[in-house]
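These protein sequence lines map, in sequence, to chains A and B. Position in the first sequence (first residue = 1) + 439 = our numbering. Position in the second sequence (first residue = 1) + 460 = our numbering.
Please keep in mind that the hints were generated in silico from the structure rather than gathered at the bench. Please note that a few of the clues may not be correct.
[As the list claims (entries may be wrong)] Okay, the calculated bits of chain A under chain B, using three or more residues with CB under 8 Å as the criterion:
hint: 1; region: 503-514
hint: 2; region: 523-532
[Claimed, not checked] Under the rule of at most 20 Å between Cα atoms (straight-line distance), these lysine-lysine pairs were calculated in the PhoX-like manner:
hint: 3; chain 1: B; residue 1: K574; chain 2: A; residue 2: K523
hint: 4; chain 1: A; residue 1: K523; chain 2: B; residue 2: K575
hint: 5; chain 1: A; residue 1: K523; chain 2: A; residue 2: K477
hint: 6; chain 1: B; residue 1: K851; chain 2: B; residue 2: K799
hint: 7; chain 1: B; residue 1: K683; chain 2: A; residue 2: K520
hint: 8; chain 1: A; residue 1: K520; chain 2: B; residue 2: K574
hint: 9; chain 1: A; residue 1: K477; chain 2: A; residue 2: K520
hint: 10; chain 1: B; residue 1: K799; chain 2: A; residue 2: K520
hint: 11; chain 1: B; residue 1: K683; chain 2: B; residue 2: K780
hint: 12; chain 1: B; residue 1: K683; chain 2: A; residue 2: K477
hint: 13; chain 1: B; residue 1: K741; chain 2: B; residue 2: K780
hint: 14; chain 1: B; residue 1: K851; chain 2: B; residue 2: K780
hint: 15; chain 1: A; residue 1: K523; chain 2: B; residue 2: K800
hint: 16; chain 1: B; residue 1: K800; chain 2: B; residue 2: K741
Note that the structure is predicted; figures quoted are calculated from it, not measured. C-beta: ideal position from N, C-alpha, C; glycine also.
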Amino acid sequence: MGSRVLIRNKSIVIAGIFLTIAFWLYGCKATEKVVTEKSGAELWSQQCSRCHNMPDPTAYQDDKWETVAMHMKVRANISDKEIKLIKEFLQSANGEE
Amino acid sequence: MKKLIKYISLLLLLFSMTERGIAQENDSVQKFKNFKLSRIVFTGNGYCGFDLGLSNELVDTTGMKSTSVSVGLAPILLWKMTSHLFFEGELDLMMEHGMVSAELGYANINYSIKKFGTIQVGKFLTPFGLFSERYHPFWVNAAPNEPLGFSHTGYSPQTEIGICVRNGSTHFNYAVYVSSSPLMNAGATDYNDAGKITYSTDIGTPLNENIGFGGRLGALPFKNSLLEIGASYKWMQLKPGDHYHGTVAHSHATGEDLTTIQTGSVYAVDLSLQKIMPSIKGRIEIKAQVQYSDAGLNRFIKLSPSGKTEVSYAFQNTTKIGYALLTYRPIFANKELIKKSGIYVRVGSMETPLGSLWYENTQEVSAGLNYSFNWHNTIKLGYQEILSAKKGYTNTIMIQWAAGF
Chain A
440 MGSRVLIRNK SIVIAGIFLT IAFWLYGCKA TEKVVTEKSG AELWSQQCSR CHNMPDPTAY
500 QDDKWETVAM HMKVRANISD KEIKLIKEFL QSANGEE
Chain B
461 MKKLIKYISL LLLLFSMTER GIAQENDSVQ KFKNFKLSRI VFTGNGYCGF DLGLSNELVD
521 TTGMKSTSVS VGLAPILLWK MTSHLFFEGE LDLMMEHGMV SAELGYANIN YSIKKFGTIQ
581 VGKFLTPFGL FSERYHPFWV NAAPNEPLGF SHTGYSPQTE IGICVRNGST HFNYAVYVSS
641 SPLMNAGATD YNDAGKITYS TDIGTPLNEN IGFGGRLGAL PFKNSLLEIG ASYKWMQLKP
701 GDHYHGTVAH SHATGEDLTT IQTGSVYAVD LSLQKIMPSI KGRIEIKAQV QYSDAGLNRF
761 IKLSPSGKTE VSYAFQNTTK IGYALLTYRP IFANKELIKK SGIYVRVGSM ETPLGSLWYE
821 NTQEVSAGLN YSFNWHNTIK LGYQEILSAK KGYTNTIMIQ WAAGF
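Whole structure, please, built from the sequences with the hints as guidance.
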């Protein structure tokens, strides 16, 4: 019974912490740099890290990035324009001539 | 003689042209083959985990300790056939609690039309909330297990067989689909499961028998995509599963024919927020999803072999699940070891229908560390406390290695 109360209280406390952090992060928005046109590199760091670690550009060759980019466009609902910029950045940074 | 020379010259010219033509043709065939092969990517992910139960209450009704090893491998094939046409397929191979399973995770053809979006046909991950579609691979998930109710056999939509239309822009994204609905467990195989909805779809499920539709709308209000908020809905016809003619019959509460198809709905809201904060030398992320499903008032009748009613009971088939995950990764730390590390805290809750034989009211708190060797290779150490109305208090230490390749 004690552990039941303890775990419920823990959940409430942790949920409260989450909400506080969310509001705090929301408040930080005012200090954000307004980016009008983002580069492929910026989009790469932003869009990829929404779900997972940023992929290493050297992980694939140009042709393979074409395919992987299409996969990620569908999976993460990334716009045509943005995925094109991300793909071009990855292809330019993968060391392939 | 002149004529002969002329003919020979002409023949030689023709021969050389044909040779060149064949060579060119061979060259273009080879180029085409190379092109086709170069657009095929073999990728996937794998994991290996060990759960160690600590608490004495970690003894289930069968008297087995829930200490287990789980291993999984999911090879993925991606193929960009043309600039518009794309195929993706995944095979899920798993071994958990000594049971090995193999399943087609997804396999679908995508046709992309600029601005209009993408049409997806086949078996695809359900665009319902964010967990099942984006965060479920263990190399993506910060924790070594899924939140309560979000596992492969849980209470959240996993895969669909049907057609989906989707698109995204800087501020909005959507996905809508029409698909074959899940089945409702009639309880013949295990009487205790009567009323459960089986969300993982079999490829053989006929599309025209149980139709469902649904979708997700996502909003990214800020230009830097820090925050994504989503709302999902799924409507489904629920027909009792193939094992319907077992010892348990199922009927609607109104007393309609036993084969009556019921309907159900699932709703969810999700949130994903990330923030790079140089002041704390790192990146903070919050991911959360809550959902509610309602499959109406269900009545189950257990029949004896002679056909007499043994047990009859009814319950409102509603399930509530939800979780929130907070992660911190010190990406600006000076030391490489710290830079590649991260911590997570997760809370979760799950409540299945009161009155059903699979009723559960469970809360979870878990926390842990992870270390990424590189962008797709992670080792995790987690601690989880679960309080269940059915199984009591349990706490577990989890170790997992997960990799995308």
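Hint check results:
Counting residues of the region 503-514 of chain A whose C-beta sits closer than 8 Å to any C-beta of chain B gives 9, which meets the bar of three, so the coverage hint holds. Look at the region 523-532 of chain A against chain B: 0 of its residues bring a Cβ nearer than 8 Å to a Cβ of that chain, fewer than three, so the hint is violated. For the hint pairing K574 of chain B with K523 of chain A, the CA-to-CA distance comes to about 12 Å; that is within 20 Å, so the pair holds. For the suggested pair K523 of chain A and K575 of chain B, the alpha carbons sit about 13 Å apart, so the restraint of at most 20 Å is met.
Taking the CA atoms of K523 of chain A and K477 of chain A, the gap is about 12 Å. The hint holds against a cut of 20 Å. In summary, the hint linking K851 of chain B to K799 of chain B is not supported, as the alpha carbons are separated by about 39 Å, beyond the 20 Å threshold. The straight-line distance between the Cα atoms of K683 of chain B and K520 of chain A is roughly 14 Å, inside the 20 Å bound, and the hint therefore holds. Proposed proximity of K520 of chain A and K574 of chain B is supported: the alpha carbons are some 9 Å apart, at most 20 Å.
At roughly 11 Å between alpha-carbon atoms, K477 of chain A and K520 of chain A fall within 20 Å of each other, so this suggested pair holds. With a CA separation close to 32 Å, the supplied pair K799 of chain B and K520 of chain A exceeds the 20 Å bound. Between K683 of chain B and K780 of chain B the CA atoms are separated by roughly 33 Å; this puts the pair beyond 20 Å, and the hint is violated. Taking the CA atoms of K683 of chain B and K477 of chain A, the gap is about 9 Å. The hint holds against a cut of 20 Å.
A threshold of 20 Å between alpha carbons decides the hint, and for K741 of chain B with K780 of chain B the separation of about 37 Å lies outside it, so the pair is violated. The hinted pair formed by K851 of chain B and K780 of chain B meets the criterion: a straight-line CA distance of about 18 Å does not exceed 20 Å. A hinted pair counts as satisfied when its Cα atoms are at most 20 Å apart, and K523 of chain A with K800 of chain B does not qualify at roughly 29 Å. At most 20 Å may separate the alpha-carbon atoms for a hinted pair to count; K800 of chain B and K741 of chain B meet this at roughly 12 Å.
Checked against the numbered hints given earlier, this structure breaks hints 2, 6, 10, 11, 13, 15; the rest are met.
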